[in-house]
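Please take these sequences and the hints and turn them into a complete structure.
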Amino acid sequence: MRLSYPCEVSRDPESGQVILECKNPSAFAFGDSLEAAEMDMHSLLLDCVADYVDEGKIFPTTVKRPKKNEVSVELTASETVKVLFLNSMIETRTKPIQIARRLGVAKQEVTRILNPRQKTKIDTLERAIEATGKKLIYSVV
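The sequence shown runs 1 to 141 under full-length UniProt numbering.
Here are the computed lysine-lysine pairs in the DSS-like style, where the Cα-Cα straight-line distance is at most 27 Å: (1) LYS134 x LYS107; (2) LYS68 x LYS23; (3) LYS134 x LYS121; (4) LYS119 x LYS134.
It is worth saying that the hints were derived from the structure and are not from the lab. Owing to the predicted nature of the structure, the values given are computational and were not obtained by experimental measurement.
Below is the structure:
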């Protein structure tokens, strides 16, 4: 399961730019082409993840098919697992320092894991999720 976010597609009548509007989380992206707007929206979604974490809010875990006049902007598999980890930290009220202690790593390492733009190995994310008292379950369908 990869998290995907439906975005309404429109075009600015004056500039001709493609506009993507995502409702949950709320974000607008622009581009000279649909592909450019989708890349911008993907980047904005990662910024939103960081904002939600900073505010201690659960990030929406939407998996919806786009409707007519919508496109779906997906997070990568590793970004999806990272969102699930961040949400589990918030749900269980686990602080970064607690994760660091449980993993036996420096707090700076947990800060790196928390960064949605920072690449993190799946094994590390799995251990981090387990440090919140939850489990990561894999499935191939």
